[in-house]
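Assemble the complex: chain A is given as a structure, and chain B must be docked to it using the hints.
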Amino acid sequence: MLRVIVRRLLQLVVTLIGLSALVFVWLRNLPGGPIEALLGERATPERRALLIKALGYDQPILVQYAKFMQRLLTGDFGNSIRSGDPVTEVIGRAFPATIELAAAAMVIAIGLGVPLGYLAARHRGRLLDNMSIAGTLLGISIPIFFLGYLLKDVFTQNIHWFPPSGRMSTGVDNTEITGFFVLDGLLTREFDATADALWHLVLPALTLATIPLAVIVRITRASVLDVLNEDFVRTAEAKGLRHKTIRGRHILRNALLPVVTTIGLQTGALLSGAVLTERVYNWGGLGTLIYNSISGGRDYPVLQALILLAALVFVLVNLLVDLSYAFIDPRVRVR
Amino acid sequence: MSDPITRPTASPQRESVDPSAVEEKREGILPPGLDRLGERKRARLEQLAQATADKGGVSLVRDAFRRLRRNPTAIFGASIVALFILVAIFAPLLAPHDPAQRFDELTKNLTVDNIPGASSEFPLGSDPLGRDFLSRMIHGSRQTLFVGVLATFIGLALGVLVGAIAGAFGGWVDNILMRFTDVMLALPALLLAISLVAMASRSSQWTVIIAVAIVNVPIFARLLRGSMLAQRESDHVLAARALGVKQGSIVLRHMLPNAMTAVIVQATLTLSTAILEAASLSFLGLGDPDINRAEWGLMLGVDGQRYFEVRPELAYYPAVAIIIVALGFTLLGEGMREAIDPKSRR
Numbered sequence: 001m002l003r004v005i006v007r008r009l010l011q012l013v014v015t016l017i018g019l020s021a022l023v024f025v026w027l028r029n030l031p032g033g034p035i036e037a038l039l040g041e042r043a044t045p046e047r048r049a050l051l052i053k054a055l056g057y058d059q060p061i062l063v064q065y066a067k068f069m070q071r072l073l074t075g076d077f078g079n080s081i082r083s084g085d086p087v088t089e090v091i092g093r094a095f096p097a098t099i100e101l102a103a104a105a106m107v108i109a110i111g112l113g114v115p116l117g118y119l120a121a122r123h124r125g126r127l128l129d130n131m132s133i134a135g136t137l138l139g140i141s142i143p144i145f146f147l148g149y150l151l152k153d154v155f156t157q158n159i160h161w162f163p164p165s166g167r168m169s170t171g172v173d174n175t176e177i178t179g180f181f182v183l184d185g186l187l188t189r190e191f192d193a194t195a196d197a198l199w200h201l202v203l204p205a206l207t208l209a210t211i212p213l214a215v216i217v218r219i220t221r222a223s224v225l226d227v228l229n230e231d232f233v234r235t236a237e238a239k240g241l242r243h244k245t246i247r248g249r250h251i252l253r254n255a256l257l258p259v260v261t262t263i264g265l266q267t268g269a270l271l272s273g274a275v276l277t278e279r280v281y282n283w284g285g286l287g288t289l290i291y292n293s294i295s296g297g298r299d300y301p302v303l304q305a306l307i308l309l310a311a312l313v314f315v316l317v318n319l320l321v322d323l324s325y326a327f328i329d330p331r332v333r334v335r
Numbered sequence: 001m002s003d004p005i006t007r008p009t010a011s012p013q014r015e016s017v018d019p020s021a022v023e024e025k026r027e028g029i030l031p032p033g034l035d036r037l038g039e040r041k042r043a044r045l046e047q048l049a050q051a052t053a054d055k056g057g058v059s060l061v062r063d064a065f066r067r068l069r070r071n072p073t074a075i076f077g078a079s080i081v082a083l084f085i086l087v088a089i090f091a092p093l094l095a096p097h098d099p100a101q102r103f104d105e106l107t108k109n110l111t112v113d114n115i116p117g118a119s120s121e122f123p124l125g126s127d128p129l130g131r132d133f134l135s136r137m138i139h140g141s142r143q144t145l146f147v148g149v150l151a152t153f154i155g156l157a158l159g160v161l162v163g164a165i166a167g168a169f170g171g172w173v174d175n176i177l178m179r180f181t182d183v184m185l186a187l188p189a190l191l192l193a194i195s196l197v198a199m200a201s202r203s204s205q206w207t208v209i210i211a212v213a214i215v216n217v218p219i220f221a222r223l224l225r226g227s228m229l230a231q232r233e234s235d236h237v238l239a240a241r242a243l244g245v246k247q248g249s250i251v252l253r254h255m256l257p258n259a260m261t262a263v264i265v266q267a268t269l270t271l272s273t274a275i276l277e278a279a280s281l282s283f284l285g286l287g288d289p290d291i292n293r294a295e296w297g298l299m300l301g302v303d304g305q306r307y308f309e310v311r312p313e314l315a316y317y318p319a320v321a322i323i324i325v326a327l328g329f330t331l332l333g334e335g336m337r338e339a340i341d342p343k344s345r346r
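Protein chains in written order, with my numbering: chain A, 1 to 335; chain B, 1 to 346.
Chain A extracted, bound-state conformation (with noise of 0.2 Å):
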């Protein structure tokens, strides 16, 4: 097993690696890259040769990388564009906001998708299950930025059932102490501010759940199928055991393995959606830090923090999950 951790860790240091090299590159070799970005419209011969020395740009290449790297393992990526920040001080005040869109977007999706996969499988061709079936294909097929609109629409123009955008009403009163909303008016005791801080959660968490939800929902209910033709199940109806017990400790506990996987990637899948959903919802996290560091002229110096960021995160979480397979399927741990 520690070999196993070892490996997926080192494999996963090289993939960083190589990433980092790929946006080093990358922004090096920019049409109109970092320098005229920082220089803007103020780009004359002299300055730009002065600019070049001072970032240390006429060094060869790989000296260049090895202070790159040097700089990242300090935590140091440089100031953003445009605002002058540090990027982690940017990066920062943003990364609350969209882990607890996220969290609640994956909330929603496992705690509606498995029960709901588990029901279709069980009344497998019944009304349930092809409405199931129909509602996940939809969802797999609909631009979730167009749902967004859509939602927005109905619950905050035709009916006021939700705040139309931002994460929290003008006029609550809340302290920040982490930055995630809910968790700080808990922390602090202003339950008005959490309440609020989840009535803004809502319609963007629904929105963000919509895929994820999807491909939990089939998942389950392919993998609860597979499941439910195999003997035991049939062993342990025949000794009568509750149904209960067989749901959880001989469907259940089989079938999720495949479903703990697909929640691993579908973390690409809210990360990639939550740039959409945030644009929607103005939501100020790192999907709208994205959109503004491209279509406000170009802030490279944040991209490649958050490009960075999102593979280590992504990565990370799909390690944790592979690692999670020896706790919950004990073969695994045998091999």
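Any given hint could be a false lead.
Straight line, CA to CA, 25 Å or less: simulated DMTMM-like cross-link-like pairs of lysine to aspartate or glutamate [what the hints assert, rightly or not]:
no.	chain 1	residue 1	chain 2	residue 2
1	A	K152	A	D129
2	A	K152	A	D192
3	A	K152	B	E233
4	B	K108	B	D341
5	A	K53	A	D76
6	A	K244	A	D329
7	A	K152	B	E39
8	A	K53	A	D85
9	A	K152	B	E309
Derived by calculation from the structure, the hints in this document are not laboratory data.
Below, chain B alone, put in the same frame as chain A:
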């Protein structure tokens, strides 16, 4: 994913051999005598040969195609796709107007917060620039198909190249190429596409196509490599090697064709995601900046978003079109996967 629809088809065939065998037995019991034995044996052999000749001639692809034809959801998907392609081909004949022409009747009443709706001459009303929206929708099928097909095809071609090299050589070549795909897969799809578009100094239709294509390269490469590596040790490759077939033609003629089915299924599914991803890029302002181009993703992502409060139909029509087409490709792709899947062949 085993579905009930395709399952029962195989069983009647297998049973068709059995009744005759039973009959044969009964016949054999009735007349005694050893001379009949040889005849009986011969008859039985002939029958066996016939039975196997009927079934054995069916290739995997033809067999899968037969199952596909009996799957109603796959047929439904295929019909949507066929209709979509027909509309795209005959767009100039179907569209009532020129999609790029601005009409005076429409621009007359056009302001930022009033876009003319349906009239007898313009059934879907106007777009924000006073052009006929129906014609733009019909012509949009062409561009959407173009973007989807080209992005998928380029992704497929590059992915197959990488995957085939990795799968054919194995060893360190495989190792290096797969680490490379790991790096690409480490970024979630849309984020990778966004980064790629951000690389270009200005976006065009081609940056969108290429970005979406590259996102799919590692997926195709991994898929192909996996099924090629699985074949390296299989009997038909061993047989070919033993016969002295050259390494190159083993890869090209024995391994690659067998590995391609899975890739083609994936490509069908990718057509749907490619169209959706292109729409997402347009929504983020990274799409094609050409205002004359009519493409559904562009119409939904740019005008649909900007004028959602004024005239939501500008978003509804392209969105519904995208959903239907994406659904069509998904249904067809999954039907194909099910047809090829040995699990559903029981």
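Non-conforming hints, listed in increasing numerical order: 1, 3, 4 and 7
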